[in-house]
Amino acid sequence: MSIAINKEIVVAEIGLGLRPPMYADARRGEIRVDWLELITENFMVPGGQPLAVLDDVRSHYAVAFHGVSMNLGGTDPLDKNYLKALNALIDRFEPLSVSDHLCWTRHGGHHLHDLLPLPYAEDVIAHVADRIAQVQDALGRQILIENLSSYAEFDWSGMTEWEFLVAVAERADCLLLLDLNNIVVSAHNHGFDPMTYLNAIPAERVAQHHLAGHSTHKTLKIDTHDHPVSKDVWQLYDAARARFGPVPVCIERDDHIPPLAELLEEVDHVRRRSVAIAS
Amino acid sequence: MSSARLSQFQTQFREFLYRGHHEEVLAGQVRSVGCTSANDRLDVYRNAYFIRLEAALAHDFPVTEKILGKKNFARCAGDYALASPSSAPSLREFGHQFADWLHVEKSVMLGDLAAIEWAALNVFDGPDANAADPHRLQVFTPEDWPSLQIRLMPTLTLLALGSNADRVWLAKGEHVELDASPVHNIALWRGERYRPMLAEVDSDNYAVISVIAREPELAVASERLAEEFDSATVPQRIAATLHRALAHGWIASIEKDKSLADDPRY
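Chains as they are written, first to last, in our numbering: chain A, 2 to 280; chain B, 97 to 362.
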């Protein structure tokens with residue numbers, strides 16, 4: 002499988018994570034963005050209002066599917082029903098991209114509803130890459146995998162997070178959704194330089210960025226998505242824009258969601274910074 | 097071998113999230129950086145696990161939370177999470193046994209209330225179907241009736257309550273105390289703009305619709321109902337119920353041909 006970033010997403014640069022408080026505006030096409038990202042599992046329902054909302058939204062915007070339960074790093078078998086439901090959504094709404102996280106979320110048939118960290122080890126690379134390849138075969142398309150915010154790394158890890166991420170992407174031939182907030186959070190929590198991370202990522206694999214805010218609890222930064230994009234994340238975005246070019250960006254806010262105008266100010270801020278770096 | 101090691105790690109991590117087990121084993125594997133202890137790092141995951149599940153239940157059962165109070169509700173959510181771990185990719189499904197759990201572990205009244213809230217959620221995002229024409233029965237002759245196939249609206253739910261949970265739910269938990277009451281039956285169904293509608297149903301309606309939900313062919317449903325009622329009265333009970341059900345939009349299709357009755361367009 003060759004690397005083929007959807008052209009539409011390259012042109013359509015700035016997106017916003019679609020959350021319920023924005024549904025009414027999105028259904029009317031009144032959010033000034035190029036595309037909207039939605040949490041896939043929220044729309045894996047038999048019918049009713051969620052799908053009606055998405056029908057309306059899709060009539061105005063391109064959408065990106067972002068999942069949280071694919072369990073790419075798990076040891077349970079991949080969930081065929083999940084992939085079937087995802088395929089049905091893909092057929093109906095034709096997303097720009099399909100992404101999930103480099104993590105495990107389910108074990109022994111129990112869903113844990115969190116993005117749980119993997120040990121960074123050679124044998125885990127093979128395990129996860131094989132599962133990503135299976136998913137790509139099932140969906141008939143490349144997927145994007147996102148780096149995590151993490152709070153613990155494990156001693157049986159024989160490498161850094163970025164080495165692990167790149168090795169998985171290369172081996173699975175998938176694309177990367179590089180979450181710059183997650184890099185900042187993990188860099189703080191694990192004591193590495195975010196620029197070292199960024200400089201290790203091959204530009205041709207990066208298909209999308211996430212920008213978000215975080216909070217601090219005791220000595221750790223926590224990926225809460227409940228604040229505006231922080232200064233250090235903006236700085237890392239400038240570096241990412243310079244290094245990776247005009248990669249589509251999505252602003253995410255999951256909690257304490259402010260008025261839409263405030264989020265759109267962040268969207269405009271990405272545009273301004275993007276143009277400034279490019280010129 | 098490697099997959100077995102990863103699986104063992106994930107088993108230990110999951111049990112740590114649930115009950116705090118294996119904390120020292122896991123902490124011993126956590127890389128030491130700065131002044132944050134391994135236990136503090138692991139606790140971020142454990143705390144987040146319960147907070148996230150509690151928030152999902154509070155979102156889906158707001159009136160139950162209001163009646164229980166935030167602290168009691170959080171305690172219930174934590175106990176429920178341990179008793180009934182999530183088995184679906186979406187948090188939307190996490191509460192699917194919460195009403196039954198409350199019914200057994202707490203009270204019939206709380207179970208009733210949660211069952212209503214769960215049915216209302218299913219109204220919101222359950223399968224779509226168009227309601228049958230309210231005058232649909234007029235196209236059939238009496239001879240047609242035994243062969244009729246009846247498909248109920250997929251979001252219609254019948255509940256038998258032993259409490260005033262329906263009144264509490266309608267009042268959104270304000271100014272009405274949750275209390276025991278004589279057993280009565282309610283129906284919840286999808287109204288306009290996906291709004292949940294609620295109405296009391298009598299025992300005839302409840303029995304007939306419950307049987308039709310299991311036995312869509314009217315001849316078979318009649319036989320089942322004859323086991324419960326005087327068989328001479330069954331046709332009348334069915335007719336009255338079907339008229340009411342059609343008027344409320346509880347029926348998706350009535351067809352003589354089974355294949356048409358199963359067609360989602362009808």
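It is worth saying that the hints were derived from the structure and are not from the lab. We treat Cβ as the ideally placed atom computed from N, Cα and C, and that holds for glycine. Incorrect hints may appear among the rest.
Where chain B lies over chain A, by a calculated footprint (3+ residues, C-beta under 8 Å) [claimed, not checked]:
no., segment
1, 91 to 98
2, 145 to 155
3, 258 to 264
No more than 30 Å apart at the CA atoms, straight line, and that leaves these computed lysine-lysine pairs for DSSO-like [what the hints assert, rightly or not]:
no., chain 1, residue 1, chain 2, residue 2
4, B, K167, A, K219
5, B, K202, B, K167
6, B, K268, B, K352
7, A, K219, B, K166
8, B, K202, B, K352
9, B, K162, B, K202
Residues on chain A that point at chain B, a partial pick, calculated with CB under 10 Å [said to hold, decoys possible]:
no., residue
10, R59
11, S60
12, W105
13, A130
14, W163
15, F193
16, M196
Against the structure, the hints:
1. Look at the segment 91 to 98 of chain A against chain B: 0 of its residues bring a Cβ nearer than 8 Å to a Cβ of that chain, fewer than three, so the hint is violated.
2. With a cut-off of 8 Å between beta carbons, the segment 145 to 155 of chain A has 4 residues touching chain B; three or more are needed, and the interface restraint holds.
3. Check result for the segment 258 to 264 of chain A against chain B: violated, 0 residues qualifying (beta carbon to beta carbon below 8 Å, three or more required).
4. A hinted pair counts as satisfied when its Cα atoms are at most 30 Å apart, and K167 (chain B) with K219 (chain A) qualifies at roughly 24 Å.
5. Of the supplied pair hints, the one linking K202 (chain B) and K167 (chain B) holds, its CA atoms being roughly 15 Å apart against a limit of 30 Å.
6. The suggested pairing of K268 (chain B) with K352 (chain B) is violated, with an alpha-carbon distance near 42 Å, which exceeds 30 Å.
7. The suggested pairing of K219 (chain A) with K166 (chain B) holds, with an alpha-carbon distance near 25 Å, which does not exceed 30 Å.
8. With a CA separation close to 46 Å, the supplied pair K202 (chain B) and K352 (chain B) exceeds the 30 Å bound.
9. Only pairs whose Cα atoms come within 30 Å are accepted, and K162 (chain B) paired with K202 (chain B) is accepted, the gap being roughly 15 Å.
10. Checking R59 (chain A) against chain B: minimum C-beta separation of about 17 Å lies over 10 Å; hint violated.
11. Residue-level restraint check for S60 (chain A) is violated (minimum Cβ-Cβ distance to chain B is 18 Å; threshold 10 Å).
12. Nearest Cβ of chain B to the Cβ of W105 (chain A): about 6 Å, under the 10 Å cut. The hint holds.
13. Given hint, A130 (chain A) at the interface with chain B, is violated; its Cβ is 13 Å from that chain's nearest Cβ, farther than 10 Å.
14. Hint on W163 (chain A) is violated. Least Cβ distance to chain B is approximately 15 Å, over the 10 Å limit.
15. Satisfaction of the interface hint for F193 (chain A) is found here, the shortest Cβ-Cβ separation to chain B being roughly 9 Å, below the 10 Å cut-off.
16. Evaluation of the M196 (chain A) hint against chain B yields a violated restraint, the C-beta minimum of about 18 Å exceeding 10 Å.
Of the numbered hints stated above, those contradicted by the structure are hints 1, 3, 6, 8, 10, 11, 13, 14 and 16, listed in ascending order.
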